[in-house]
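Q: Quick one: dock chain against chain with the hints and give me the complex.
Line by line, the protein sequences are chains A and B.
Counting in the numbering used here, the first sequence runs from 1 upward without gaps.
Counting in the numbering used here, the second sequence runs from 411 upward without gaps.
Bear in mind the hints are in silico, worked out from the structure with no lab data behind them.
Please read all numbers here as calculations on a predicted model, not as lab measurements.
Treat the hints loosely; a few may be bogus.
Heads up, simulated DSS-like pairs for lysine-lysine below, C-alpha to C-alpha not over 27 angstroms straight-line [what the hints assert, rightly or not]: (1) A:LYS398 - A:LYS314; (2) B:LYS418 - B:LYS645; (3) A:LYS335 - B:LYS502; (4) A:LYS79 - A:LYS179; (5) A:LYS136 - A:LYS79; (6) A:LYS179 - A:LYS191; (7) B:LYS560 - A:LYS314; (8) B:LYS502 - A:LYS398; (9) A:LYS179 - A:LYS209.
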Amino acid sequence: MDLAVNSSAQGAALPASRPTKTRPANRPRAPRRIPMVAKLAYRNLFHDRLSFIVTIVGIVFSVVLVAIQSGIYLGSEKKIAAILDQAPADYWIVPLGTKSFDDPSPLSGRERHMALSVPGVAHVEDMVVSFARWRKPAGGTNTVLLIGSEAVSDRPLPWNIADGSRGALNAPTTVAIDKSYFPDLGITAVKDQAEINGVNVEIAAVTRKIRSFTTLPFVFTNIEEARRLTGIGQNQATYERVLLSDGADRDAVRNEILRRLPDTEVLTQTEFVKRSQAYWLFQTGAGAALIAGAVLGLIVGIVIVAQTLYSSTKDHINEFATLRALGAGAGYIVKVILMQAVLSGLIGYALGILLAMGVIAAAEDTKLTVVMTPQLAGALFAITIGMCVFAAISAIIKVVRIDPAVVFSR
Amino acid sequence: MSHPANSKVILEAEGIVKILGNAPTQVKVLKNIDLQLHTGELTLLMGPSGSGKTTLLSILGCILTPNEGRLSVAGHATANMNAEGLANLRRKHVGFIFQGYNLVPTLTAVENVMLALDLRDQSGPDAYDNAAEALEAVGLGHRINASPSKMSGGEKQRVAIARALAGSPSVILADEPTAALDAENGLAVMDLLSRVAQDTNRAVLAVTHDHRTLKFADRIIRIDDGRIAGSERPKLPGAEPLQVEAH
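The shape of chain B in the complex, shown without the other chains (with noise of 0.2 angstroms):
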């Protein structure tokens, strides 16, 4: 399988096994996956309920461990580190993109980004600066001091977004980022991170059921009963039309 030119794998997952549970109730949720991701590519993970989409994006960042395989991302592999070590490398490798946006909703917009530079130890006017020019980006310039009770469900999600980005992770990981809004601004959203993972020195995987946002991945990985299912890539010459399926 072929990639754009000037991409390097920027996470590596190999013989990922993810058990849930205590015997007997046990659940074999994830069966030896093996994947990887690309910089300059938005990946979409694609699956029925309960395949194991959201604890491979889980495993993937950082925040569950694997019960067999291994795991590097941006170069550094997460077998032996412990609860502190995994947060480190989220800190400084791993942005994340909740289905609810999870900002604090406290804080004002540009306080949300300057939150997740605050834990890279940037502060003061630099983080300022920062974050307002994430939610510039993101078009939200003139929203930076709103608070999230204030803002549509697109804007929390660009909100979201531009935190996810201010710290300039090289994995952005998304968790059906369009599910809680409309069309327009699911497809906007989305829009949004293709453009996001044009970045050559980021990887975006964004998990999701909506299939009208199949036209902006670079790859479409399908994961059925904790297995992969297949892997396309739509966007190169030659490549067969999107096959959608209902689930």
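Chain A with its partners taken away, still in its complex shape (with noise of 0.2 angstroms):
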């Protein structure tokens, strides 16, 4: 081509060491401003497409896989504390040395009586918990965990009635169970009959997603059923829930009720669902293995965002070379090769959510409980950045060691 310059370029047009500030009409008006370092940072980004997708594909397959172990985690949790959120107590009377909610062992039968003398404790409720065996009307045993609560309570157990009604289990006899056990517990409706410990049982209340985290069902039943069907005494329980009155020396009653009941532990609230999830999330490894399943999507997520950031900043090197001679500062090149990665991620992010949000309405009516929280959320969504962040010290390193006077040589 020709590259005789512009006759209106000539001389004074080129531009002085001043820069003049007049537009020419035909001159096509500035774009949306876009800062420069995003806008070389996505170029950077979508120019090797191939290679955008597979970081793209990396991170969303890291969200998916965190955010499903997560979710499991979450929901593990929130099945483990699901009885005792349903019923919450200021305080908890339990066996000593009880390893969690669904370990039961009953109770000497004195202590709600006891708990009851303490000044400070407005109102105490029974709970019976304890394994029983199942008989399916067709034939076939299957091990259930009974539940027998009181039928006066500001928090009356079962809840999420779906058929039946709470007031239908004061009837001797009468059991609740999730729908969701039908098939294990060899039920097809309301009003069949099976069999507890020998005992002829009928349901009459079936409930919708209150599964418990281990493999057993919940069988729920009125207190003085379940003592009838475990073999108890009358007086006794598993468990008793302890309401305080307004103002009371939270303290104080704890102490007192430990001083009169020495064979028991006065558990608040929070030490008994913290107790239960750590038994059966960390004491049995279930939840080690769901954590390093989401550190293991971590690690992978990093991997593959290192290596293409890495692969991508050795494609652009001479550019940034270029940039380096042009007088950039490290930063500069440094805020291009986070925007890459912070861009990676936040694409990455909104798809992986997607399709984990996706994954977890699949598994909404199966056995597998996976929570998404607005907290769980934001919390992926940091480490998200983090990892794409983190990933990209490889790249930094390699960046801000170049030496510009290798422009000279290309």
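A: Next comes the structure, spelled out in structure tokens:
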């Protein structure tokens, strides 16, 4: 092509040391303003589409894996604490050495009255929790966790009743089970009959989405029936749910109950929940496996993002060296790399969280409980961006070590 | 040696020594170089391959630091400056034009120029207008949104010149600016550089092997084996006709 200089650009038209400010009418207007660092970052990212897709797939995989593992972990915590969360107490009186809510052993039978006599205690409720043998109507047996609670309560059990009623459980030999356990327990509808520990029972109510963390189905009944079915004394219970009067000295009440009932432990709501969760999630290793899965997801994400960012930086190293030669500070170039990392993280997170929500929605009516909360979504966002920024370190190290003199050898 | 009227020294190097490599294979590439660049002048730096031209250019552009000697650019002594200080000096006072253009391929022509302005903290519509003006001045007003991949070598080099001009630097250093161009485009680029050098606040130094460019030079410095071998001002009245040597 002809490079003869435009006659209108001769001499004075060349930018002098002081730039002029006249805008010709035919010059296009300035496009929408995007910071040059961001522009350079996204153009670098999108320049190699295949590499970009690999990066995004890596981040999406990582986000989904971490979201699902964390969601299952939170779901497990929620399941483990489900009964306790539904019937919160100021204090729980539990047998000494209780490992978790579903590690039941009976109290002696005098706890309720002893606790009621402590100044500051307003209300005490018995709760019976016990393993029981369930015989299906069509034959075959199963072990269940039988939960007996008082009918007169500010927080009666069970909840989420989909068929039948809580009041129907007041009748003798009636129980409530969750609809999701029908196949396991050989039940098809309300009014079906089965046996618990050799005693005939009828399904009087059906709940929804009340599943235990373990493989043992919950079976709810009234407190008297629970005692009868498990063969414990009429005053005995597994746990005592203690509610305090307004203004009661919590520590004094706890110490007094402990003084009067030395063979028990008095736990706050949080302590009982945490103890139950710690037992199932950490002493059994289930939680560790979930956490390990999430960490693995993070590592995979970091490695993929680091590899692709490093590779992208190497591909654009001449441009970064040119920038350095033109006088760009190390901070400017680091900003470009970090912007690439953050952009990758934003896109990967958006796609990943959408996919994770889809998976969670698909798991809604299955035995798997996966929970997504705004806090978890927020934490995942921070983790994803943090992961991408961390993954950018190798690329940053590469780029800040550029010798700008290489621009003369290319 | 006389200089143009209103000319002043904008870059001054004195006793520059550069040693590359480590003992026992180290090489003394530059040996006690003294050099001044004057505003309003296009200076050509010529010499055979391996004579130290590019190393000298890198030192004058504050990209490499000399082992000995002192350098001053636009009144700023570079001694004791760290890498960021030198980058700052380059950003404010030095414009580069490279043999391979070194444009960012993912940015358009105007964005490449705006990038240089962004480094100088100029952004937004003003930066766009300044970049567009710089491109118009090099005859590329109609190609401001073209991608480097869609431009000819001559056009790319003119974008690189516009980028170097955009920040109004005191010194423009060009490394073999015509080496990748055909004769016509090479001459057009040199013509452009000679007009760039007419700014009384700016000096232009171009490393070149291309003897067709000699006619544009206000001054020619010859370097050989790391030493200044000669300097002449061919445009001064009474100057000897240029002796073209084949290297």
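Q: Does the structure break any of the earlier hints, and which numbers would those be?
A: Of the numbered hints given earlier, the structure breaks none, since each of them holds.
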